[in-house]
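Engineer: As given, the protein sequences belong to chains L and H, one line each in that order.
Its first residue numbered 1, the first sequence is counted upward by one per residue in the working numbering.
Its first residue numbered 1, the second sequence is counted upward by one per residue in the working numbering.
Keep in mind that the hints were calculated from the coordinates and are not lab data.
Just so you know, even glycine gets a beta-carbon here, dropped at the ideal spot from N, CA and C.
Hints may contain errors.
[Stated by the list, open to error] From chain L, some residues computed to sit far from chain H (all C-beta separations above 12 Å):
| # | residue |
| --- | --- |
| 1 | Glu123 |
| 2 | Leu252 |
| 3 | Phe267 |
| 4 | Ile311 |
[To be verified] Here are the computed distance ranges between Cβ atoms for each label pair:
| # | chain 1 | residue 1 | chain 2 | residue 2 | range |
| --- | --- | --- | --- | --- | --- |
| 5 | L | Trp228 | H | Thr60 | 23 to 31 Å |
| 6 | H | Lys114 | L | Thr222 | 51 to 59 Å |
| 7 | H | Ser76 | L | Ser17 | 34 to 42 Å |
| 8 | L | Phe267 | H | Lys186 | 34 to 42 Å |
| 9 | H | Gln69 | L | Phe267 | 51 to 59 Å |
| 10 | L | Ser17 | H | Met1 | 38 to 46 Å |
| 11 | H | Thr118 | L | Ser17 | 48 to 56 Å |
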Amino acid sequence: MLIAWKELKKNKSKFFSLGTIVFLISLLTFIISGLANGLSQDNASLIKNLPNGEFYMTKDADQTYSLSKINHTIQEKLLKTEKDALALSIQMGFLNDVDGKQRSVSFVTASDSKFFPEVSAGEIILDSSMKEKEIQVGDRLTNNQYSGEFIVKGFVEQSKYSHAPVAFINIKDYEEIYKVAEMQLIYMPEKVVSQDETNGLQSFSNKEFLNTISSYKAEQLTLNMIVWFLVVISGMLFAIFFYMMNVQKIGLFGILKAIGIKTSSLFYMMWTQMSFITFVALVVSITISHLLNVFAPKGMPYYLSMETTVILSIMFLFIGFMGATLSGIQIKKVEPLQAIQRGEG
Amino acid sequence: MAILKLANIKKNFINGEVKEEILKGINLSLRKGEVTALRGASGSGKSTLLTIAAGLQPATSGKIIFEEQNIANMSSEQVRKIRASKFGFIFQFSHLIPFLTAEEQLMLMLEVSKSKLTKQQKKMEVNRLLNLVEMEHRKNAYPPSLSGGEKQRIAIARAIIHNPKVLFADEPTASLDSKRSRDIMKIIREITKTLNITTLLVTHDEDMLLFADQVIEMSDGQILQSKINN
């Protein structure tokens, strides 16, 4: 007989209140995590969508890519020898739409590659969020530093940088706007280059490169701290709630021990209840938090991936298990005799 | 024939720097098919003796021989197994599991004792026991909805469903009125005789001593006298 289920069934309100708290905490955690991921996507999906590889910038740029200027010779050599390598530059800027309204964008230009769309001179490809600004294929956009007009050739999904939609332009157009002849970065999806080839350059993994963007690092650090803080709080809540429930049940545990039930069976009983409550609470909070992926207001950057959901769920189950187990130490200490002498429990 | 023998049982408690002798070398033999009652004033050591004999607390020294084995030398796990399969318990307060029905209380005990009966046989056994204590009509009731006497009947059924060799009852009638107390004692006596088990009980109630075969009077941690009821 599953005594754990019987207790759950009979004391629904007690377990329901514990489940509600776990649900609320986990929902809050998932939502904040979704916001953290959403902001992260909004801040750097251009980089995050690239496969894990290496970014190179000049050492004297002091980890600030906008100050980096890659030497032409090194660039040519790397692009020629390394498979799928590309050179790219990113700069914040403005576009004037057909009505003359200024739109903030991140201009990105890159050498030919399979990772970024190919753009000819005078053409522009925009992140799809620009569609909401009523910009359409064929529209003519201008920039104060650019002599001609950009014709919108198309849109790409999920391409943002520094909370601005990315605008892919040709290298020649980029050089005209920013008056620079060198590219800022080299990206290689596979790190196979020797030390000699990258002399004078500093390498960064995708994650390390993202952390050189100060706004990204500060934003993510704060949100992730909140997420993990909530995970720890939920663990403490588990421990406190199960402690309180166990204190109330000391008499019961003692009687069960007196009639011969193993201490380990009492732990299984508690773990079963903890797992069930956490599982149900997680299913509900995961459903709601994933529905937000679809129904979140357009202006709210929100993205909760399945990977993050699974990691957080495992963390919740683990921390719930730890909290309940720690509080359950008193089960081990219960003497049957104590319970018998306590009277009716 | 003695099934449980207590030899020179001593129990001391250390209270601060004071050593209290609760039991001062008790010798006692319990025979099959007999009800033995322990009586005495509060603090005489009768409940301590019962809980030591039942393996619920260790003695300071002495032997507890059950089926030719000394329980006092066994590990707590070995004692737990004996409690689960060979002993039955009735407490002063019935101490039923509040979230299990009367039927489920008995089913749980069959599981704890690792009964080899099939599910169907278990059900039949539960019904038989509930019938024995005249509680079949309340088999789906939860403890809070049962009266004190009904709870104690269920507790008795739970204590014997796994066919224990020894039944321990600590003040089983203390929380009941005199009529219900007599009913419960009658059931305990009948069960002891019909199942040929051994019962050791502690009671304050003089009237209940009539249901015992042997009455042991205790005072100050010692046996004052032993009387056989005819």
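Engineer: With respect to the beta-carbon atoms only, verify the hint that Thr118 of chain H and Ser17 of chain L lie 48 to 56 Å apart.
Structural biologist: violated, 39 Å
Engineer: Falls inside 34 to 42 Å, the C-beta gap from Ser76 of chain H to Ser17 of chain L?
Structural biologist: holds, 36 Å
Engineer: Verify the CB-CB distance for Phe267 of chain L and Lys186 of chain H against the hinted window 34 to 42 Å.
Structural biologist: holds, 40 Å
Engineer: Given a hint of 23 to 31 Å, does the C-beta separation of Trp228 of chain L and Thr60 of chain H actually sit inside it?
Structural biologist: Taking Cβ atoms as reference, Trp228 of chain L and Thr60 of chain H lie about 52 Å apart, which means the hint is violated.
Engineer: Measuring from beta carbon to beta carbon, are Gln69 of chain H and Phe267 of chain L in 51 to 59 Å?
Structural biologist: Hint violated: Cβ distance 29 Å, outside 51 to 59 Å.
Engineer: Could you tell me whether the CB distance from Ser17 of chain L to Met1 of chain H stays inside 38 to 46 Å?
Structural biologist: violated, 56 Å
Engineer: Does the claim that Phe267 of chain L lies outside the interface with chain H hold up, using a Cβ gap greater than 12 Å?
Structural biologist: holds, 15 Å
Engineer: Is the Cβ of Leu252 of chain L more than 12 Å away from each Cβ in chain H?
Structural biologist: violated, 7 Å
Engineer: Would you assess whether Glu123 of chain L, listed as outside the interface, keeps its beta-carbon beyond 12 Å of every beta-carbon in chain H?
Structural biologist: Given a closest Cβ separation of 72 Å, the condition holds.
Engineer: With 12 Å as the threshold, tell me whether Ile311 of chain L passes as away from chain H on beta-carbon distances.
Structural biologist: The claim stands: Ile311 of chain L keeps its Cβ more than 12 Å from every Cβ of chain H (closest is about 35 Å).
Engineer: Mind checking the hinted window 51 to 59 Å against the Cβ distance between Lys114 of chain H and Thr222 of chain L?
Structural biologist: 56 Å Cβ-Cβ, so the 51 to 59 Å window holds.
Checked against the numbered hints given earlier, this structure breaks hints 2, 5, 9, 10 and 11; the rest are met.
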